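Construct the complete structure from the given sequences, taking the supplied hints into account.
Below, each chain spelled out in residue letters.
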Amino acid sequence: MKQPCIEETNIHAPARSTTSAIIHPLWLRVTHWTNALAVVLMILSGWRIYNASPIFPFSFPKEWTLGGWLGGALQWHFAAMWLLAVNGAIYLAINLLSGRARRKFFPLRPMEVLHDFVQALKGKLQHASLDHYNAVQKLAYLSVIADLVLIVLSGLAIWKSVQLPLLRDLMGGYDNARIVHFLAMSFLVLFIVVHVAMVALVPRTLLAMLRGR
Amino acid sequence: MIKKPNRLPSTLDGELILKDARRELELSMPSRRLFGKRALTLGGLSLLSGCNLTEQESVNRMLTKISRMNDGVQGWLFDPNKLAPTYPASMITRPFPFNAFYGEDEITEVDGDAYRLELKGLIAIRRTWTLAELRRLPQVEQITRHICVEGWSAIGRWGGVPFAGFLKHIGADLSAKYIAFRCADDYYTSIDMATALHAQTQLTLTYDGEVLPPKYGFPMKLRMPTKLGYKNPKHIVSIEVTNTYPGGYWEDQGYNWFGGA
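If you read the sequences in order, they're chains A and B. Here the first sequence stands for residues 1 to 213, numbered as in our numbering. Here the second sequence stands for residues 1001 to 1261, numbered as in our numbering.
Calculated directly from the structure, the hints in this document are not laboratory data. Possibly wrong hints are sitting among the right ones.
Unchecked claim - Pulled a few chain B residues facing chain A out of the computed Cβ check, cut under 8 Å:
1) ILE1066
2) SER1067
3) GLY1075
4) PHE1078
5) ASP1079
6) LEU1134
7) CYS1148
8) GLN1253
Source: prediction; values computed, not measured. Where a beta carbon is used, it is the ideal one built from N, C-alpha and C, also for glycine.
Shown next as structure tokens:
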């Protein structure tokens, strides 16, 4: 199950061993950190926009938000959206066209997810090889990718509810698109919390995402 | 879209007072104009990184530049033939929310008999219009969704003169870039010509079958279901056709100029 998997972009690796092989190619690291920045900007400014007219009976503490006021938050949100969308498109294109997505995330079997999840809860899930995702990781990463796509689509439906009627209807109308956008943000925040916690538990994953191996 | 600070409406509506109190707290700044200029603080992120972009004018300039780029993108996305959805009368939001940059107790009262609409700029027949003359023009109605920049929306019923027909009637230069509006409550805003000529853009004289009440912009407002609420000026006293970017009350403080839906 844990066979070494070498990136096809790793043309400089002299020996095909897991110790010297590039786990995360440069394009992946760049798009990962760009996405991290874009997501933080979008969430923090989004919280300030939410506060202008909350859809649930709570607001976000102002100190946690970006933009200072609604107009400032909107400027950040509609600037960072380009970073999120363009970077996300580049990531998806390379990932799909290179075959990396298929190799890294599939096959994904429900029984393996269950097994690895139970192992993880017991604290027995090993990260023997960083270039191989366990089934829980595969599911988590695929879910957050799908969630980001949903965030962009629901965001477009809110921003352009008249010009994009198909998206608007798909989201169940303008008001409903706001709820979808909020729930998708909530899932993303949940992912980030777990993701960062896991990185704290296995710090060399952070090194791999920074220097590639 | 945000009420003036330091003032509260006189009506003792609990929910409204809470909403206002929240805004008071948020907007307890010495000057709203200053607030606008200093607006783009990096609240949460500065806490995380210890770096404060608040004072960096370059960041504000970049954000303003992107906002103007987004104007261009929205102008390109705008389909003159695409109509905003319309709704049955049963779906009208009641009561339809009041919204302005001041409280409901400060609504501008305009004398309908003395009212004269002034026309300026690139218009062939630059004469003033009385309310009676405006009411004699062919009228249409729409039940559409009003979307506020804050995020909330409400469905209302507006009646009045199709703006495209009016512009042609007065001999406006339809190749000009902007239409600027000045209002009796000192509000001002401006729109692009493509939206001005959109079939649902309306010089509104009635609300829900009645003469447009002061709180919704008596004697006349501009209704555009294709743009956000702050682009729909109330109490309009002058219309100017121009090629010089006119800006707007909120737009000059940082709201996106195109404000399209």
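Hints, one by one, checked against the model:
1. With 8 Å as the threshold, the beta carbon of ILE1066 of chain B comes within range of chain A, its nearest partner Cβ sitting at about 4 Å, so the hint holds.
2. Taking 8 Å as the C-beta contact cut-off toward chain A, the hint placing SER1067 of chain B at the interface holds, the least distance being around 6 Å.
3. Interface hint at GLY1075 of chain B: violated, since its Cβ lies 11 Å from the closest Cβ of chain A, which is beyond the 8 Å cut-off.
4. The beta carbon of PHE1078 of chain B is positioned within 8 Å of a beta carbon in chain A (closest approach about 7 Å), and the interface hint is therefore held.
5. Hint status for ASP1079 of chain B: holds, given a least beta-carbon distance of 6 Å to chain A, under 8 Å.
6. Given the 8 Å rule on beta carbons, the hint for LEU1134 of chain B is violated: about 26 Å separates it from the nearest Cβ of chain A.
7. For CYS1148 of chain B, the interface hint holds, the least distance from its beta-carbon to any beta-carbon of chain A being 7 Å, beneath 8 Å.
8. At a threshold of 8 Å, the smallest CB-CB gap from GLN1253 of chain B to chain A is about 6 Å, leaving the interface hint in force.
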